[in-house]
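Undergrad: Residue numbers (the working numbering), protein chains in the order written: chain E, 717 to 1073; chain P, 467 to 873.
These are computed hints drawn from the structure, not numbers from a lab. Here the structure is a predicted model, which is why all the values come from computation and not from measurement. Do not rely on the hints blindly, as some may be mistaken.
[Claimed, not checked] Think about it this way: if two alpha-carbon atoms lie no more than 30 Å apart in a straight line, the pair counts; the simulated DSSO-like pairs of lysine-lysine are: (1) K798(P) - K1044(E); (2) K606(P) - K565(P); (3) K564(P) - K627(P); (4) K484(P) - K879(E); (5) K890(E) - K792(E); (6) K669(P) - K1023(E); (7) K995(E) - K739(P); (8) K528(P) - K615(P); (9) K890(E) - K615(P); (10) K792(E) - K1057(E); (11) K564(P) - K1057(E); (12) K753(E) - K802(P); (13) K831(P) - K948(E).
[To be verified] Pair ranges (Cβ atoms, derived): (14) K485(P) - P857(E): 23 to 31 Å; (15) S750(E) - E692(P): 47 to 55 Å; (16) K889(E) - Q623(P): 33 to 41 Å; (17) D882(E) - Q800(P): 42 to 50 Å; (18) G1024(E) - N519(P): 47 to 55 Å; (19) P1033(E) - A549(P): 49 to 57 Å; (20) N783(P) - V875(E): 13 to 21 Å; (21) Y852(E) - I790(P): 28 to 36 Å; (22) N641(P) - D882(E): 50 to 58 Å; (23) S853(E) - D761(P): 36 to 44 Å.
Where a beta carbon is used, it is the ideal one built from N, C-alpha and C, also for glycine.
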Amino acid sequence: MTDKEKLNPGIQVAPVETAQETHSRLNDAELEYSEGKILIARHVKKYFPLGKNWFKGPTQFVRAVDDVSFALERGKTLGIVGESGCGKTTLGRTLLRLNSITAGSVYFDGTDIATLTRKELRNLRPKIQIIFQDPYSSLSPRMPVGEIIGEAVREHGLVTKEKYHDYVVEVMKKCGLPSYYFDRYPHEFSGGQRQRICIARALALNPELVICDEPVSALDVSIQAQIINLLKDLQNQYGLTYVFISHDLSVVQYISDDVAVMYLGTVVETGKTEYIFRKPMHPYTEALLSAVPVPDPNVKMNRIILKGDIPSPVNPPAGCKFHTRCRKCMDICKSVPPILKDYGDGHKVACHLYSQE
Amino acid sequence: MKITDKIFQSKEKRLAQKKDRAKHYVSGKEIHDISKENLKITRALEKQANRKNVPEAEYLTKMHDPNNIVEFDDLHTYFFTDAGVVKAVDGASFDIPKKSIVGVVGESGCGKSVTSLSLMRLLQAPSGQIFSGEIRFNAKDGKAYNIAKMPRYAINQIRGKEMTMIFQEPMTSLNPVFRIGFQLDEVSFLHVPGITREGAKQKSIAMLKLVGMAMPENTYNQYPHELSGGMRQRVMIAMSLACDPRLIIADEPTTALDVTIQAQILDLLREIKTKIDGSIMLITHDLGVIAEMADYVVVMYAGRIIEKGTAHEIFENPLHPYTIGLERSKPKIQQKVDRLYTIPGTVPNPINMPDYCYFRDRCSKRCDRCDGKYPELRQVSPTHTVSCYLYDELADQYAKGKAGERK
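Take the sequences, apply the hints, and build the full model.
TA: Okay, here's the thing in structure tokens:
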């Protein structure tokens, strides 16, 4: 029985192994566990079944995350960027195993999350936390702030009963919430304060890894800056590791050490932030960067405008998934999927433009 | 911890809470009185708006400058709520010149959307009312209307025909149970007298083609849910173009979209502006979008305009501390900063605004004069005005120079 069948009994997932998979299987040295690597994703896939047939099982799949691999060091921040519908949120949830993992494995501190039982997973939960995008819908309206933040602390038994109240208040203070907010309800707060509550809820458990799923996109510019500064301060103080998912490239550039650019479920370019923002190699990254409006009326950039929308992840285009919108599309792109290759100092690109040189 | 300590602590806490809440607390009797008072005002205003057969002379005015499409003149838009009067727009005056893009920036809750809704007369009645002030609109037929005084039936003739609006959320502004074609045709049926069904269809398809739809005939027969966010926003733009408007109000047209789609839509808006030869009032909180699109910028804070000028003036020489803070708090691509600048605190409570400068408590450059009354909007250059005591000298200098010229 293979891993895939073990995880999803009853669902037949039998995509043919592509050239990319074969290649990446041989190139796995970087994804081996070593000291300091807190999170390793190895060929993670998440397919959602579509169009179920009573006899055959699902006939189609939404390939939300399709073979994503990366390694993240302790205390660093990985930014994941891409358009909506490219699978960044699904990847975030899959790393936490809020979704089941269709194939591949996620190693947190050397243990494979994909194969853990419920009980084992529960013990691991305090170490990995998530901050959601919308602070208006991710807080229960019927719980006071202290309870929201402290619920998991009590549930996991992190502190004794006597110290519980002081502990929660201390966490609130860390995140810039005054102690008299303890008994208030979420509706009494503005968006920025709510996002602070969400951050406090995540930090109350002393996590090692925090997945931030667009934590600032629902907020105003001035509040955005406050929250980003808070996240950065907390990282410096407690040595947190972040996976920062966002579609706002300027925020990602500010906060991350490494960046992975996703398109239709696959990573098309990854590397250190400076490299990607200074010298983007993949045509998609170039287009993304040039689309960001600059607050200076004198700068008239040569916009690369991508035509059309992101294709459906149910039937992704053959070959390179980006070829339908790429302005540098060649014949080879339409048939052969490109391989994520290293072009020096960890700057990896999946594009035929460079592989031929 | 002893039980007595616990009780004592909780009592202390409760007292602190009580004190805190007392600031915003409104008793039942007060609510009753407030709503009674509000009802008097709103009923009178509603009666005014719902009249039939009003002589045109009552709402005709004259433009101060015939080169403007819209002139806001000391506009006050209030919301009469049970907790008190919310002055959402409190004395805004600015112009939208012909063939230009005017950008309105500010945080959420600063009144930028309400300004545009007042212009469209789409305020949530009966609580939302234009209390005083003028909005002069330069119509196609050469007449100038005072939108604030217009009765409902008269505004229906202009709205959707000469000024149109593109909303933020394209999914909620299209009706999910009707086809795109039906919703587009409706505009023509309402505003073009004697148009046939076939004629309306032709027009709608032409509009869809204009906004860059790949297969307009197909889209005509589709439902909104079948389209992606960017495509829906294109449909909204097509709908707003159906009657050759003079003014398009775009209320955060790209906030819900991706950067790549945002670039497409902004490009389209710019193209359309030259095609229809009209003006755009662009409302957004993204300074990048404003810098790229706008010719003139209006910065709003807590219902008032604090600074306005051309885009170059606002971005190269921002004066008001709020404008400077807004610009500095956004991380910029290709620019490394160690720490982002933040404006401390949040927008003050809209009920019972203080009489000193609304930004005083958050301002990093406040001086003793800021305790005085709200600073006036003063000119510092022919197009640049700012409302801050810091620039009184600059404004005095300018006024002196101007007076000297006249002599």
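Undergrad: Hint by hint, say whether it matches the structure.
TA: Hints, verified against the model:
no.	hint	verdict
1	K798(P) - K1044(E)	holds, 28 Å
2	K606(P) - K565(P)	holds, 14 Å
3	K564(P) - K627(P)	holds, 17 Å
4	K484(P) - K879(E)	holds, 26 Å
5	K890(E) - K792(E)	holds, 20 Å
6	K669(P) - K1023(E)	holds, 25 Å
7	K995(E) - K739(P)	violated, 34 Å
8	K528(P) - K615(P)	holds, 14 Å
9	K890(E) - K615(P)	violated, 53 Å
10	K792(E) - K1057(E)	holds, 22 Å
11	K564(P) - K1057(E)	violated, 53 Å
12	K753(E) - K802(P)	holds, 27 Å
13	K831(P) - K948(E)	holds, 26 Å
14	K485(P) - P857(E): 23 to 31 Å	holds, 25 Å
15	S750(E) - E692(P): 47 to 55 Å	holds, 49 Å
16	K889(E) - Q623(P): 33 to 41 Å	violated, 59 Å
17	D882(E) - Q800(P): 42 to 50 Å	holds, 45 Å
18	G1024(E) - N519(P): 47 to 55 Å	holds, 52 Å
19	P1033(E) - A549(P): 49 to 57 Å	holds, 55 Å
20	N783(P) - V875(E): 13 to 21 Å	violated, 54 Å
21	Y852(E) - I790(P): 28 to 36 Å	holds, 30 Å
22	N641(P) - D882(E): 50 to 58 Å	holds, 54 Å
23	S853(E) - D761(P): 36 to 44 Å	holds, 38 Å
Going down the numbered hints, you'll see the structure goes against 7, 9, 11, 16, 20, while the others check out.
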